[in-house]
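If you're matching them up, the sequences are chains H and G in order.
0 is the number of the first residue of the first sequence in numbering that gives the first Met the number 0; add one for each residue after it.
0 is the number of the first residue of the second sequence in numbering that gives the first Met the number 0; add one for each residue after it.
Treat the hints as calculated values from the structure; they're not laboratory data.
All values reported here derive from a predicted model rather than from experimental measurement.
Note that CB positions come from ideal geometry on N, CA and C, so glycine has one too.
Careful: at least some of the hints might be erroneous.
Unchecked claim - So the derived label-pair ranges between C-beta atoms look like this: (1) 58(H) <-> 189(G): 26 to 32 Å; (2) 172(G) <-> 95(H): 27 to 33 Å; (3) 174(H) <-> 78(G): 48 to 54 Å; (4) 43(H) <-> 381(G): 47 to 53 Å; (5) 12(H) <-> 354(G): 33 to 39 Å; (6) 25(G) <-> 43(H): 16 to 22 Å; (7) 4(H) <-> 343(G): 29 to 35 Å; (8) 53(H) <-> 194(G): 44 to 50 Å; (9) 19(H) <-> 162(G): 51 to 57 Å.
Unchecked claim - Coverage of chain G stretches by chain H, computed from C-beta distances (three or more under 8 Å per stretch; other residues unrestricted): (10) 30–37; (11) 49–62; (12) 330–341.
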Amino acid sequence: MSSKEYILQNIKRNIKTRLDKPKMDVLGIQFDHLLSQFVDICKAVGGDARILEKQEDVNILIKELYSQAQSIGSNLPEITISTFNPDDLDDPHLLNGTDLAIIKGEVGVAENGCIWIPQNVVHKALYFISEYLVIILDRTKLVNNMHEAYRTIESNDSGFGIFISGPSKTADIEQALVVGAHGPKGLTVILT
Amino acid sequence: MMSTQHSIAAEKFQEDKKQASWHNETLWFVREKRDRMSKSLPEWEELRTIAEKIKLHSVSNLDIYLEEFSKNAEANGVIVHWAKDAKEHNDIVYDILSKHKVKKLVKSKSMLTEECHLNPYLIDKGIDVIESDLGERILQLNHTAPSHIVMPAIHMTRQEVGELFEEKLHTEKGNSDPTYLTRAARASLRNDFLTADAGMTGVNFAVASTGEIVVCTNEGNADMGTSLPDLHIAVMGMEKVIPDHEALSVYTRLLARSATGQPVTTYTSHFKKPKKGGEMHVIIVDNGRSEILTNNEHIKSLNCIRCGACMNTCPVYRRSGGYSYTYFIPGPIGINLGMLKDPHKYTDNVSACSLCYSCNNVCPVKIDLADQIYEWRQNLDSLGAASSSKKMISLGMQFLFTHPTLFNTSLKFTSLINWVPRSMAFGLKEWEEGRSLPKFAKESFTSMWKKGKIKTIKKDEQ
């Protein structure tokens, strides 16, 4: 008998009562001003958020925010300041040394600053290996809470997807918060 | 013997008063952050209720959900393995690693691999195993074990970490600035991420309906560890399976708020398919879990989502430290999991509880932790683990309380005890330790009442 069969038989024998699936239809917290709540929470989780004005150019804004960045990776056609297309690389290891990555998010969650990113680049390492990260997000794609977010992304079929909320961080040394553990040391969400 | 291993170790922990009080206050601060987060959501209690019910439902249908999960994961191209126990788990891991000729493995925190003693097993076989969570890495360099499941190095001072890094990572002498030390670890670990042949992660949630595994971290180590090498091995305790995304939305809201008082972890990663050209393995581990299903009193311990909130709130944990427990998971949940693992080996820990019930009240999945510890205590005698001197005291009290004449006679002489050295009065040194004796009154209430010395106060005099 395989271990799988053995384990499943053991479970079946040991279960005494089977309980029904509970109703999970939680409404969840609602916000009067989704956009301002989202901007506030992005800052609270250690990142930043900027609303792009109609007349503003996203490339100029990013250049202003990250004037030091030399190596800028993005596969987005509207990003003209990128110095390379990360999808052209054969090996994700070559992404090491990226100063700034500019990517697109799909859904923003106002309760916690999460942004859903289905894998939309060849090497997902880009999201984590770059020193700084910019996520571009359509301001009409904001939802109140995680219940709404998961309902929105239910049909997602990429092999990898991630909610990112703020830059990488740790507090493992005496509970002192340090931003930039392994991943980006800073994160700006640009709401278009 | 009266003193438990826990109380001896706790006493040792308390010797460094400054550090012990820092430990207590810091964890209480995290508990307060958790309170603020919970109060910011009007639906908090509703979430806890649903989270408990989802777990009870999934655990009571574990066979169905595990089959659904493995079927969907396999359809996504993931290779699923089943391990009866720790040994089989370790063998499967090694088998995969050796097939791929892996020399270096980067790990993201998984308490399950700690449970299975995977690291020494792999290191013995010549594999370079690197823990990538900063706290875990510090402990690995220090050759010590975690003392908390979410804040593994909470017991160490920044100076201790500074000295350790000086020796191992050649940082500046005397520099113990957390940002400086974190940057040094970042540089060193980035080199490991770039040179590793495989990445291993734990699993926070396994979603049956999609076959995904979900991993939550703040540092991004699970992602760095799995997005560079082609091989990803994920290991999960079988109780991690939940029905669907709707259930997942409930737990992602509870986990970080309960654990660290954050609104969510920085990264909530959903691994569904292997990397293009790579392999993804999931190992489903039993290791005693299926036996807990028969145990009505303790079945709820399978609800645990490993947030550590019970540790942060526990007055005993905060003042005794994680190392005072003999099981590798400390605090209220660790006491229970240890007893389920081996009640003879881990009995000592059941004394590490004041039955204040705070853990019950903060647990996001409503595990009745304190009730379970109470149950274990009631059964100590049948385990042959009850303390003989405590039993003697209890029997003595029982005898006295059920014999009124003797009780009254002894009361007459209680005030004499004020003049007797304590060790003579009780003759049980260990019982006295940590217990201060009240000053006995010269005359008992009963005797004063009988002599009319107690004045009744009329209502209008109040």
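Taking the hints in turn, this is what the structure says about them:
| no. | hint | result |
| --- | --- | --- |
| 1 | 58(H) <-> 189(G): 26 to 32 Å | holds (29 Å) |
| 2 | 172(G) <-> 95(H): 27 to 33 Å | holds (29 Å) |
| 3 | 174(H) <-> 78(G): 48 to 54 Å | violated (39 Å) |
| 4 | 43(H) <-> 381(G): 47 to 53 Å | holds (52 Å) |
| 5 | 12(H) <-> 354(G): 33 to 39 Å | holds (34 Å) |
| 6 | 25(G) <-> 43(H): 16 to 22 Å | holds (21 Å) |
| 7 | 4(H) <-> 343(G): 29 to 35 Å | holds (31 Å) |
| 8 | 53(H) <-> 194(G): 44 to 50 Å | holds (47 Å) |
| 9 | 19(H) <-> 162(G): 51 to 57 Å | holds (56 Å) |
| 10 | 30–37 | violated (count 0) |
| 11 | 49–62 | holds (count 9) |
| 12 | 330–341 | violated (count 0) |
Hint compliance for this structure: hints 3, 10, 12 are not met, and every other hint is.
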